[in-house]
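Trainee: Okay, here's what each chain looks like letter by letter:
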Amino acid sequence: MPVILIISILAFLLLSLLPGDPAMIIAGDQASPAAIEQVRRQLGLDRSFLEQLGIWLFNLARGNFGSSLILNQSVLSAVGERLPVTLSLAALSIGFTIPVGVFLGSLAAYFRRTWIDSAVMTVALLGVSIPAFWIAILGVILFSVQLGWVPSSGFAPISQGVGRWFASMALPALILSLFQIGFLARMTRSAMLDVLSQDYIRTARAKGLSEWRTVGKHALRNALILIITATGILLSAAIGGSVIIEQVFALPGIGRMVVQAIMARDYPLVQGTMLILGFTFVMINLIVDILYTLADPRVRHD
Amino acid sequence: MAVPLLSIRNLTVQFRVDTGWVTAIDDVSLDVGTGDCVGVVGESGSGKSVTALSVLQLHDRVTTRMPSGSILYQGDDLLRAKGSTMRRIRGSEIAMIFQDPMSSLNPVLTVADQISETLRQHQGLTGAAARKRVIELLGLVRIPDAARRADDYPHRLSGGMRQRVMIAMAIACKPRLLIADEPTTALDVTIQAQILELLRDLRRELSMSVMLISHDLGVIAEFAQRVVVMYAGRVVEDAPVTQLFRRPVHPYTMGLIAAVPALDSDAPRLTTIAGRIPGPQEIIPGCRFSPRCALVLQGCREEPPSMQMVSDGQSARCPPRIQVLDVRHV
Chain A
1 MPVILIISIL
11 AFLLLSLLPG
21 DPAMIIAGDQ
31 ASPAAIEQVR
41 RQLGLDRSFL
51 EQLGIWLFNL
61 ARGNFGSSLI
71 LNQSVLSAVG
81 ERLPVTLSLA
91 ALSIGFTIPV
101 GVFLGSLAAY
111 FRRTWIDSAV
121 MTVALLGVSI
131 PAFWIAILGV
141 ILFSVQLGWV
151 PSSGFAPISQ
161 GVGRWFASMA
171 LPALILSLFQ
181 IGFLARMTRS
191 AMLDVLSQDY
201 IRTARAKGLS
211 EWRTVGKHAL
221 RNALILIITA
231 TGILLSAAIG
241 GSVIIEQVFA
251 LPGIGRMVVQ
261 AIMARDYPLV
271 QGTMLILGFT
281 FVMINLIVDI
291 LYTLADPRVR
301 HD
Chain B
1 MAVPLLSIRN
11 LTVQFRVDTG
21 WVTAIDDVSL
31 DVGTGDCVGV
41 VGESGSGKSV
51 TALSVLQLHD
61 RVTTRMPSGS
71 ILYQGDDLLR
81 AKGSTMRRIR
91 GSEIAMIFQD
101 PMSSLNPVLT
111 VADQISETLR
121 QHQGLTGAAA
131 RKRVIELLGL
141 VRIPDAARRA
151 DDYPHRLSGG
161 MRQRVMIAMA
171 IACKPRLLIA
181 DEPTTALDVT
191 IQAQILELLR
201 DLRRELSMSV
211 MLISHDLGVI
221 AEFAQRVVVM
231 YAGRVVEDAP
241 VTQLFRRPVH
251 PYTMGLIAAV
261 PALDSDAPRL
271 TTIAGRIPGP
281 QEIIPGCRFS
291 PRCALVLQGC
301 REEPPSMQMV
311 SDGQSARCPP
321 RIQVLDVRHV
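Sequences listed follow chains A and B, in order.
Its first residue numbered 1, the first sequence is counted upward by one per residue in the working numbering.
Its first residue numbered 1, the second sequence is counted upward by one per residue in the working numbering.
Just chain A, same shape as in the assembly (with noise of 0.2 Å):
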């Protein structure tokens, strides 16, 4: 909860400290100063700056967000509308890496120091490397306008099918996984490499279990402890580079929003939507700590 205040401080001071006066942009430029005196009374901006701070947190814990001063309704309902496209769009792209990363480093650090653990790091070296903006025209370019398997941009939701949802977003999820399925293989790789070299990893081979089980079993179960916590940095940052993302494949979600909302200055939709992302990252926090405990009984009391 603390977490929570004082993320909710910090998106008040952040745009109250920017530049340019909101009342200004949203009367217009031919607005005359009675004009832009009385937007500045309606948004509360002629108050003291402690009570505009007094009145968000109040209004905050009553559920109340505010209303965005471009988009005609309130912050909870753009919000609610945009965030499952976000989100779907980051936990597909999670459910494209965690496979992929987790197999890819194992396979480094089984294969240590050969050519496979070159060629897994080349590629998690370029995947971190690249810029997501220009694979993703790239990605354009080769899947919908040459071979025409994914539509270019835009967004199906859910409703009008799993199959077209599927498709409009399969492209730009997996764009945004190149990035974190090359962390993940790093990531897993160390972890994996720490692992393979401990003792009870010689107790399960001096006990005849094959190597699948050995590497499969004993060592990725004890990996998992770091997989876990990596997969969580990724999650959040897996919801902060959908920004780029859904610009580029014209996705309506939280991240091409709060671009908008920044462009015309309509600070309670700015201010709301960081809120809201900040919740969500305590929670995606809150599941990484959950699931430490079942992946590790050390960290369990009983």
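Treat the hints as calculated values from the structure; they're not laboratory data.
Here the structure is a predicted model, which means the values were calculated and not measured.
Even for Gly, the Cβ is constructed at its ideal location relative to N, Cα and C.
Treat the hints loosely; a few may be bogus.
[What the hints assert, rightly or not] Some, not all, of what chain B presents toward chain A, calculated at C-beta under 10 Å:
| # | residue |
| --- | --- |
| 1 | Asn-106 |
| 2 | Pro-107 |
| 3 | Thr-118 |
| 4 | Gln-121 |
| 5 | Leu-125 |
| 6 | Ala-172 |
| 7 | Cys-173 |
We have chain A already, so just place chain B on it with the hints.
Mentor: Below, chain B alone, put in the same frame as chain A:
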């Protein structure tokens, strides 16, 4: 003479380092007969653990090679065995327990998981049957309240308890040979005695052969029938235990025995062997013990000595001493 259960012949093991390959053990031969208990003794770095791990080929495959020698198990060379054959032997024919019970158990799996894995692998035992056998095994290694302990994770057990779990795991499939690599080194003295007692009893009950690795001559004297002394990657003496203590041949063995503190001695300083064991990368011409040897002769630094028979069942890698002893005994 019958084929020994395990016969290591002229085994050389090399590890990869930045500059190439270094020889960790060189030309090591030793036999473990059926029902025998053979102790392998030596300082840290003498190559005894390397030898033990070689039997089940538990070294890192990327950084280890065995350019020569053979490891015959019931006459078959394990170094030439297929992977699947090796896996069948590991844990069921030959089992192993390790030095550090703290790190040798998987921290995220329960005791029952880890023991029943062996049972499933080699005996196809699963479910309730496996669990029954796990509890039976935990009782056999004298863990109190076995049914409850079975569901514990290793971190809830003491060091001695963990080593008992390791032993339960090792004897689960009634192996013919148990390799115990410093099984008591990481434990308290009182627990050491209990674990040795347990191993001794189990050995009799299951009629296992045991290869016991230790740096502790006291443990070896109590436990083993034969002793193999290793120094700097080579076997320097191989003798029945009573013979070894009554008439050690190699100066290194003599030094080791002299270094065991006697309870009734008032000596203000403990006896030691001067110097230290050379690393595998150090090149020492002739006998590798010669720089530390009190009885060193000129020839020792030139020609690497070979293993020679001293008397029935005793051999050593020190021709000058053997000559001296021969003269006296004739």
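Trainee: Taking the hints in turn, state whether each one holds.
Mentor: Each hint tested on the structure:
The interface hint given for Asn-106 of chain B holds, since its Cβ lies 4 Å from the closest Cβ of chain A, which is under the 10 Å cut-off. Taking 10 Å as the C-beta cut-off, the interface hint given for Pro-107 of chain B holds, the closest approach to chain A being about 6 Å. With a cut of 10 Å, the hint placing Thr-118 of chain B at the interface with chain A holds, because the nearest CB-to-CB distance is about 5 Å. Interface hint at Gln-121 of chain B: satisfied, since its Cβ lies 5 Å from the closest Cβ of chain A, which is below the 10 Å cut-off.
For Leu-125 of chain B, the interface hint is violated, since its Cβ never comes within 10 Å of a Cβ in chain A; the closest pair sits about 13 Å apart. For Ala-172 of chain B, the interface hint holds, the least distance from its beta-carbon to any beta-carbon of chain A being 9 Å, beneath 10 Å. Of the supplied interface hints, the one on Cys-173 of chain B holds, with its beta-carbon coming within about 9 Å of a beta-carbon of chain A, less than 10 Å.
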